[in-house]
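*Asks:* Just so you know, the sequences run in chain order A and B.
Position 101 of the first sequence, counted from 1, bears residue number 101 in our numbering, the numbering being contiguous throughout.
Position 20 of the second sequence, counted from 1, bears residue number 20 in our numbering, the numbering being contiguous throughout.
Among these hints, one or two may not hold up.
[What the hints assert, rightly or not] No more than 25 Å apart at the CA atoms, straight line, and that leaves these computed lysine-lysine pairs for PhoX-like:
no. : chain 1 : residue 1 : chain 2 : residue 2
1   : B       : Lys119    : B       : Lys42
2   : A       : Lys46     : B       : Lys119
3   : A       : Lys46     : A       : Lys97
4   : A       : Lys131    : B       : Lys119
[As the list claims (entries may be wrong)] If you anchor each label on the Cβ, the simulated ranges turn out as follows:
no. : chain 1 : residue 1 : chain 2 : residue 2 : range
5   : A       : Phe214    : B       : Gly144    : 32 to 38 Å
6   : B       : Ile48     : A       : Phe134    : 37 to 43 Å
7   : B       : Pro40     : A       : Asp196    : 42 to 48 Å
8   : B       : Thr4      : A       : Phe134    : 47 to 53 Å
9   : A       : Phe134    : B       : Gly144    : 16 to 22 Å
10  : A       : Val36     : B       : Arg36     : 14 to 20 Å
11  : B       : Leu21     : A       : Pro101    : 57 to 63 Å
12  : B       : Gly144    : A       : Ser62     : 31 to 37 Å
13  : A       : Val133    : B       : Gly41     : 33 to 39 Å
Hints listed in this document are in silico derivations from the structure and should not be mistaken for laboratory results.
Beta carbons: idealized from backbone N, C-alpha and C, even for Gly.
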Amino acid sequence: MFVISRTSSSIPPGESTQQLNSEQARSIVCDIDTRVCAPGVEFRLKATFKASSRRIALFGPSGSGKSLTLMALAGLLTPRQGRIEVRGQTFFDSEAKVNVPARRRNVGMLFQDYALFPHLSVYDNIAFGLKPVFGPLKQEHRARVDELLELCGLSVQARQRPAQISGGQRQRTALARALATGPELLLLDEPFTALDQPLREKMRAELFTILERFDIPMVMVSHDLDDVDHFAQTLVAFGHGRVLEVVDYEARRRSQSPRQILDPLFLAAQNCK
Amino acid sequence: MDMTFLFPVQLSLRVATLATLIALFIGVLAGWVFHRYRFPGKELLDSILSLPMVLPPTVLGYYLIVLLGRNGFVGRWLESTFGVTLIFTWQGAVIAAAVVSFPLIFKSARAALDGVERKYEDAARTMGYPEWRVFLRVCLPLAGRGILAGTMLAFARAMGEFGATLMIAGNLPGRTQTLSLAVYSATQAGQDSLAAQLVLLISVLCTVILWVSGRLLTPRWQA
Numbered sequence: 001m002f003v004i005s006r007t008s009s010s011i012p013p014g015e016s017t018q019q020l021n022s023e024q025a026r027s028i029v030c031d032i033d034t035r036v037c038a039p040g041v042e043f044r045l046k047a048t049f050k051a052s053s054r055r056i057a058l059f060g061p062s063g064s065g066k067s068l069t070l071m072a073l074a075g076l077l078t079p080r081q082g083r084i085e086v087r088g089q090t091f092f093d094s095e096a097k098v099n100v101p102a103r104r105r106n107v108g109m110l111f112q113d114y115a116l117f118p119h120l121s122v123y124d125n126i127a128f129g130l131k132p133v134f135g136p137l138k139q140e141h142r143a144r145v146d147e148l149l150e151l152c153g154l155s156v157q158a159r160q161r162p163a164q165i166s167g168g169q170r171q172r173t174a175l176a177r178a179l180a181t182g183p184e185l186l187l188l189d190e191p192f193t194a195l196d197q198p199l200r201e202k203m204r205a206e207l208f209t210i211l212e213r214f215d216i217p218m219v220m221v222s223h224d225l226d227d228v229d230h231f232a233q234t235l236v237a238f239g240h241g242r243v244l245e246v247v248d249y250e251a252r253r254r255s256q257s258p259r260q261i262l263d264p265l266f267l268a269a270q271n272c273k
Numbered sequence: 001m002d003m004t005f006l007f008p009v010q011l012s013l014r015v016a017t018l019a020t021l022i023a024l025f026i027g028v029l030a031g032w033v034f035h036r037y038r039f040p041g042k043e044l045l046d047s048i049l050s051l052p053m054v055l056p057p058t059v060l061g062y063y064l065i066v067l068l069g070r071n072g073f074v075g076r077w078l079e080s081t082f083g084v085t086l087i088f089t090w091q092g093a094v095i096a097a098a099v100v101s102f103p104l105i106f107k108s109a110r111a112a113l114d115g116v117e118r119k120y121e122d123a124a125r126t127m128g129y130p131e132w133r134v135f136l137r138v139c140l141p142l143a144g145r146g147i148l149a150g151t152m153l154a155f156a157r158a159m160g161e162f163g164a165t166l167m168i169a170g171n172l173p174g175r176t177q178t179l180s181l182a183v184y185s186a187t188q189a190g191q192d193s194l195a196a197q198l199v200l201l202i203s204v205l206c207t208v209i210l211w212v213s214g215r216l217l218t219p220r221w222q223a
């Protein structure tokens with residue numbers, strides 16, 4: 001059902017630009033090489049993978065480059081060179097000088113600490129991406145926001161500011177906001193790290209119940225075993241700015257426990273310096 | 001009661017308001033450019049743009065005369081193209097006050113915009129917002145208080161402007177004599193009660209401005 005390609009050093013060029021078959025239309029191809037400079041440190045990210053399942057988890061310890069890869073998919077980070085193709089669309093190609101800006105990628109993003117606009121109400125946060133330049137929301141968009149509020153159990157909180165609601169409600173607001181524009185791909189950056197353990201499991205169940213209603217492919221970044229196990233069909237294991245392995249998680253899971261699959265990957269990530 | 005002392009008051013308010021509006025527009029724009037873009041010599045340019053804050057006002061006045069005077073580069077162009085002279089006019093005082101108060105807005109706008117976390121801008125970008133809308137809907141509201149506080153300081157500074165105004169606009173009673181110039185003239189002429197009235201007025205005005213800007217700096221929402 002899902003086509004997984006193990007990554008070798010790189011993807012043969014031209015393979016996905018030539019013909020657009022059904023696999024191409026479903027797959028995410030990422031082959032990027034970039035440097036990120038923070039004061040005093042330089043981080044080299046060289047991420048190459050291809051995955052065709054609907055739920056892809058980028059897994060690895062912190063500082064392994066998985067969040068940066070997600071940023072590159074969203075168009076919030078421009079790699080020095082490489083290629084990014086998402087479901088048949090070329091988002092980035094350094095050779096062809098293609099770089100679709102973030103605003104045209106139609107990608108929804110759930111940020112790690114949600115990045116809800118503190119000056120706007122829950123309602124206005126969700127409606128943000130639907131707002132026309134002038135005037136109020138269109139009738140159909142207002143209906144859509146109301147529907148999302150209802151679905152995420154936020155109708156009562158609609159007029160409140162993010163600071164006035166609970167952590168779980170904030171997360172659902174961020175999810176509703178990301179889904180409001182009808183994205184073709186949803187990116188989730190460590191969606192549960194901001195929550196403590198008991199709440200985490202509840203939120204995970206809630207989030208996935210909501211997401212099941214939307215037939216939308218997703219890429220999630222996580223270093224958490226349980227998150228990955230609940231979510232992943234395909235696993236892209238990161239270690240120190242490299243992709244170590246692309247695993248057909250769903251298939252492996254039939255015969256192995258999560259620990260059996262993930263522990264060696266985590267160990268490998270820690271050893272590859 | 002002699003009401004002539006009111007002319008400097010209304011002139012100062014007019015000059016300071018216009019100067020603040022000009023400084024606000026250019027200062028916020030410059031602050032945004034400095035927030036948004038990286039370019040060589042950026043910090044050097046920041047220092048140069050902040051110079052009016054630390055240079056003696058007479059030095060600024062000298063620069064402005066060199067630039068805007070009859071033989072100045074800009075002044076000659078203005079006169080030949082529009083037939084406009086800024087020297088010894090109240091409009092010249094507006095330019096002087098705008099230059100002096102510009103750094104206060106530029107500095108606070110840059111700091112306030114830099115204080116807006118990138119994730120908010122990024123969130124707006126993924127929701128289809130072009131850069132100018134990100135600026136209007138995310139950066140400005142989140143940096144608004146800082147910019148407003150800087151604007152109040154700029155207004156107070158423009159109200160009190162003396163040196164550069166004297167050099168470029170002169171001290172012509174009823175034409176270019178602003179409040180601070182009137183205080184100087186009254187003191188020189190021994191009109192102590194007039195000087196006292198004006199001093200009291202400007203003190204109260206500036207106190208109110210500082211108090212309001214202080215209140216604007218206290219947070220209204222938590223992130």
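*Asks:* Determine for every hint whether it applies to the structure shown.
*Replies:* Do the hints match the structure? See the list:
1. Restraint check: the Cα-Cα separation between B/Lys119 and B/Lys42 comes to about 24 Å, which is no more than 25 Å; the hinted pair holds.
2. A threshold of 25 Å between alpha carbons decides the hint, and for A/Lys46 with B/Lys119 the separation of about 23 Å falls inside it, so the pair holds.
3. Taking the CA atoms of A/Lys46 and A/Lys97, the gap is near 19 Å; set against the 25 Å cutoff, the hint holds.
4. A distance of roughly 19 Å separates the Cα atoms of A/Lys131 and B/Lys119; the hinted pair therefore holds under the 25 Å criterion.
5. Separated by about 35 Å at the C-beta atoms, A/Phe214 and B/Gly144 satisfy the suggested range of 32 to 38 Å.
6. Distance hint check: the CB atoms of B/Ile48 and A/Phe134 are about 38 Å apart, consistent with the given range 37 to 43 Å.
7. Roughly 47 Å separates the CB atoms of B/Pro40 and A/Asp196, a value that falls within the hinted 42 to 48 Å.
8. For B/Thr4 paired with A/Phe134, a C-beta distance near 48 Å keeps the hint of 47 to 53 Å intact.
9. Look at A/Phe134 against B/Gly144: about 20 Å separates their beta carbons, and that is inside 16 to 22 Å.
10. In this structure the hint that A/Val36 and B/Arg36 lie 14 to 20 Å apart at CB holds, the actual value being about 19 Å.
11. As the Cβ distance of B/Leu21 to A/Pro101 is approximately 33 Å, the hint placing it in 57 to 63 Å is violated.
12. Distance hint for B/Gly144 and A/Ser62: a CB-CB separation of about 34 Å, consistent with the stated range 31 to 37 Å.
13. Between A/Val133 and B/Gly41 the Cβ separation comes to about 35 Å, which falls inside the hinted range of 33 to 39 Å.
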